[in-house]
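Undergrad: Sequence:
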Amino acid sequence: LAHGGRGNWVAASNAALRGGRGRYACFLHQDDLWLPGRLAALEREVKDGPSLVVHPAVFIGPEAQRLGAWGCPLPEGDVDAALFAERLAVQNFIAIPAAAFDRERALRLGAMDESLWYTADWDLWLRLGREGAIRHVPSPLAAFRVHADSQTMVRTDLADRREQLEIVLDRHTTALPSAARRAARFSLEVNVALAAWASGAPVRWNGLIGSFLRLGPWGLRRYLRDSRIFERVLSRARLRLAAPLSAAPAA
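For the sequence shown, the positions run 1126 to 1376 when the working numbering is used.
What the hints contain is simulated information worked out from the structure, not anything from laboratory work.
It is possible that some hints are incorrect.
Distance ranges between label pairs, derived from CB positions [as the list claims (entries may be wrong)]:
(1) A1362 / P1342: 24 to 34 Å
(2) D1285 / G1335: 17 to 27 Å
(3) L1234 / A1367: 32 to 42 Å
(4) R1296 / G1202: 21 to 31 Å
(5) G1202 / P1161: 15 to 25 Å
(6) R1255 / A1166: 23 to 33 Å
(7) S1264 / A1284: 35 to 45 Å
(8) P1161 / N1331: 42 to 52 Å
(9) A1300 / G1341: 34 to 44 Å
(10) A1194 / D1156: 13 to 23 Å
(11) G1257 / A1367: 36 to 46 Å
As the structure is a computational prediction, the values presented were derived from the model and not from experiment.
Note that CB positions come from ideal geometry on N, CA and C, so glycine has one too.
Can you make the complete structure from the sequences, with help from the hints?
TA: Structure (structure tokens):
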């Protein structure tokens, strides 16, 4: 398919969805990988027509070095829609190459929102989760590459990033239990704070501390389970630690 380079990655992905012919679609960006056995595993899982199939991924670096796991806090097999919404609202733990979805159903829902350069996939997964069966395969079947040149890393407009996160929360959390909403709000503050720290911008401590205090101990447990914060931070820390070593001259 020829897209002509118009718009962002979301517009290009939507054009591919509209031009596709198969029932199920997957995303594979140019720097990510599918691992051996993925297609065979997905073929087994889509036989009875789920709306969405998701699985864990692994983080890899620029040279495809493994940096760590990226899990999905979901039970194996069929996943209750309410549980899926509560956990995914806290953090988008589904890597771009780690989902297969009903293409026609996604198009009926309007495909991805092209105004959301940062959170379009998250928004789509949450919408698909309300429209049909969800299945979780517990094996990591894809690799998500971490590097400094991706579109979501090079953009430094923190206000825009916050707005993108808030749009998704406003759309998908109003019907959730209050504990899930508090965990989702705290996760938003953490994600914006991490982006600010990475770009050298000031961190808004008031919002971060305030949302943390409203969590309570059970809310913190929920956040730690659903955000995969340790997996996400440790993978990037390993990459940062490896960079000086690879740049050092040989003895």
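Undergrad: If a hint holds in the structure, say so; if it does not, say that too.
TA: Status of each hint after checking the structure:
1. A1362 / P1342: 24 to 34 Å: Since A1362 and P1342 have Cβ atoms about 26 Å apart, the given range 24 to 34 Å holds.
2. D1285 / G1335: 17 to 27 Å: Holds - the Cβ-Cβ distance for D1285 and G1335, about 22 Å, lies within 17 to 27 Å.
3. L1234 / A1367: 32 to 42 Å: At roughly 40 Å between Cβ atoms, A1367 and L1234 fall inside 32 to 42 Å, so the hint holds.
4. R1296 / G1202: 21 to 31 Å: Given about 27 Å between the Cβ atoms, the range holds.
5. G1202 / P1161: 15 to 25 Å: holds, 22 Å
6. R1255 / A1166: 23 to 33 Å: Check passed, 25 Å falls within 23 to 33 Å.
7. S1264 / A1284: 35 to 45 Å: Between S1264 and A1284, where Cβ atoms are some 39 Å apart, the hint holds.
8. P1161 / N1331: 42 to 52 Å: Given a distance of about 48 Å, which is inside 42 to 52 Å, the answer is holds.
9. A1300 / G1341: 34 to 44 Å: violated, 21 Å
10. A1194 / D1156: 13 to 23 Å: Holds, at about 18 Å.
11. G1257 / A1367: 36 to 46 Å: At roughly 41 Å between Cβ atoms, A1367 and G1257 fall inside 36 to 46 Å, so the hint holds.
Checked against the numbered hints given earlier, this structure breaks only hint 9.
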